[in-house]
Amino acid sequence: MTEIALRSVNKHFGALHVINNVDLTVHDREFVVFLGQSGCGKTTTLRAIAGLETVDSGDILIGGEKVQDRRPEARDVAFVFQSFALYPHLTVYENMAFPLRAVGQRRDEVDRTVRRVADVLQIGNLLARRPSALSGGDLQRVAIGRALVRNPKAMLMDEPIGSLDAKLREEMRVELKRLHVEQGSTTIYVTHDQIEAMALADRIVVMHEGRLQQVGTPEQVYAEPANLFVAQFVGSPVMNVANVVIAEGQARLAGAAQGFGFPSALLDQLPPNAPLTMGIRPEALDISLSAVPGAMALEAHLIEPLGSHDIVDMRVGDGVLRARTRSGLVPGPGTPIWLSADPARAHFFHIETGQSLGAHL
Amino acid sequence: MAHIELRGVSKSFGGAAALRNVSLDIADGQFFVLLGETGAGKTTTLRVIAGLEKPEAGQVLIDGQDVTRWGAAERDVALVLQHYSLYPRYTVRQNLEFPLRSPIRPTTEAEIAARIERVSNTLRITHLLDRKTDRLSGGEMQRVSIGRAIVRTPQVFLMDEPLSALDAKLREALRAELKDLQISLGQTFLFVTHDQVEAMSMGDRIGVLNRGSLVQVGTPHEIYRDPCNSFVARAVGAPAINLVPGRMAGGTATLGDGLALPHPGGAEADGRGLIFGVRPEDLQISAGSPAGARVNDVENHGVEKIVTMTAGAHRLRATVPVTLKLAVGDQVRFGWDAARVVLFDAASGRSLRHGG
Chain Z
1 MTEIALRSVN KHFGALHVIN NVDLTVHDRE FVVFLGQSGC GKTTTLRAIA GLETVDSGDI
61 LIGGEKVQDR RPEARDVAFV FQSFALYPHL TVYENMAFPL RAVGQRRDEV DRTVRRVADV
121 LQIGNLLARR PSALSGGDLQ RVAIGRALVR NPKAMLMDEP IGSLDAKLRE EMRVELKRLH
181 VEQGSTTIYV THDQIEAMAL ADRIVVMHEG RLQQVGTPEQ VYAEPANLFV AQFVGSPVMN
241 VANVVIAEGQ ARLAGAAQGF GFPSALLDQL PPNAPLTMGI RPEALDISLS AVPGAMALEA
301 HLIEPLGSHD IVDMRVGDGV LRARTRSGLV PGPGTPIWLS ADPARAHFFH IETGQSLGAH
361 L
Chain E
1 MAHIELRGVS KSFGGAAALR NVSLDIADGQ FFVLLGETGA GKTTTLRVIA GLEKPEAGQV
61 LIDGQDVTRW GAAERDVALV LQHYSLYPRY TVRQNLEFPL RSPIRPTTEA EIAARIERVS
121 NTLRITHLLD RKTDRLSGGE MQRVSIGRAI VRTPQVFLMD EPLSALDAKL REALRAELKD
181 LQISLGQTFL FVTHDQVEAM SMGDRIGVLN RGSLVQVGTP HEIYRDPCNS FVARAVGAPA
241 INLVPGRMAG GTATLGDGLA LPHPGGAEAD GRGLIFGVRP EDLQISAGSP AGARVNDVEN
301 HGVEKIVTMT AGAHRLRATV PVTLKLAVGD QVRFGWDAAR VVLFDAASGR SLRHGG
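Protein sequence lines correspond, in order, to chains Z and E.
Numbering of the first sequence is given in the numbering used here, commencing with residue 1 and proceeding in unit increments.
Numbering of the second sequence is given in the numbering used here, commencing with residue 1 and proceeding in unit increments.
I should point out that these hints are in silico values taken from the structure, not numbers from a laboratory.
One thing to keep in mind: the hints can contain errors.
BS3-like, lysine-lysine: derived pairs with alpha carbons at most 30 Å apart [stated by the list, open to error]:
#, chain 1, residue 1, chain 2, residue 2
1, E, 169, E, 54
2, E, 132, E, 169
3, E, 305, Z, 167
4, Z, 153, Z, 66
5, Z, 167, E, 325
6, Z, 167, E, 169
7, E, 305, E, 325
So that you can see chain Z by itself, here it is in the shape it has in the complex (with noise of 0.2 Å):
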């Protein structure tokens, strides 16, 4: 069992508070995704769990015992890095027997559980060759073999596939969380990548300027976004976001006449008249070549073919709406097109905090 647990953790650097105030328990087995921007504070957070920065204020536990206080090494957490730190004159075997070896075990212990490992991550063949001779994908392999080898009570991994190219990453992404599935060691996972929070997360930490924003599954995450930030944050092309007024049946697009018509069960849960902004995934937005009643006559401004599908843009009183349509739907850029939004999908925000208001069909 290795649940680890933060409770009222804070740190400082200077006057900046990198680690806000933060609870959070990480159950035993669970893949968990710290996701935010560089400075948000994940990867210190991170660090602090493993040993490697100390805190302010609060308790780290790990498997229940308060570990704040002791030295990485006694915590027994493996910890990958974004660049991978290998023995460069030692083989990928002696690279992965270091740290069994480090601690006295037995020759054919050691052996056993090289080759088990090596297994696990299909590295088996490349065992007797140097790290010079390996690629990027097989590079970062051997080093979460080397972090394996232990059987660590908790995995804790900082971008580690950050710096392979697209097409690796889509793989190795597949490979984690296989080998998570397999082994089932606790894992705490950073990343500023949405796309590898969504793939990987059992549940997703979203964190900005040191606190945590939103704590649940992808799903959740994606559908139920508790703020403006983590509407943003998750999500490819970007939720639209435009300030809006309840009036009459519609919510009504700041600087436009017109605006989506939607059914009173959804706007009687606003409050009329008051400017709000209303967030809705590109997905979500519907555009019909002829005319549909209730909804937006536009025009089309940009097409982007992404081959798979298109995203349409449309320029709407003060903004933009961007909406994803199946490959070729329209045109060209200015084709007339209709515009609706799915209300059980729209969502709505403080205009100021940016909180949602939880309204929802």
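Let chain Z serve as the given structure and place chain E on it in line with the hints.
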């Protein structure tokens, strides 16, 4: 206004060939994107056109005029780089004025003011004009860099990964802005990137480079749907296209281990080693489909799910609607959209439609 042409351009650096016999035709007013990995030769191509590198063989023509031996300053091109090179102690306005105050091309004060106003309106940086550039965010700096390039209305814009140092959200916004800018200016743009999303979304045409050779030139649709070989097929699309070895006989594609799917094929496809190229969105998971697979992984991306499955000895990736309930270990049935499957020759990797 400029039509750019490269004829048989080759260039090497210390014995390593950077460009191999590259011929390229960029029509006036076109947004042309060169797509390739690090070391593919994209930046070298751009620098050859800018006049910053001299090719060992071949010619560079701008509007039909051979400019191969001309210096960079004589070519009237503007260059925007990944790392903005602005003067830090100057204001945004001073940075924008700088290219107009060049002694080679004298401009009147009234003309300078008018141009800066127009450019800063286009790029929405009017409110920043009196700010020092070291007080700007990354996205603002990149907009000012672009502003400095367009203020002088050169014949050609050359852009070397101008968006790659920015964060994802900003990149998305600037992608649309740049495309918009190009449409309103009507100038020729050559844009270099390793990011297939940028290439697909912005380019009127895309040129795919691999190790110094131009592999294919086409519209985003052509590159995505009708790649000339398996390299180009893998260069665009995320998740990447599935490439599955197999054979074809009598209207059935056999992918080994008893895995068979219907395909109209054609006489030239029968009885030879093939690679079937299947985009993840062209695989459909539904009961009653012709083939079986086991689900290895499900990624929920909110907008769609990416499913990795094992069928026989093959690993396939499919994108499916988020509403489809799937779990690791499930046995599923799947089929494909046969009309969209691209056939490649197993030995050469060339598409059969492109003479493979």
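List, from low to high, the hint numbers that the structure doesn't satisfy.
-> Per hint list: single violation, 1.
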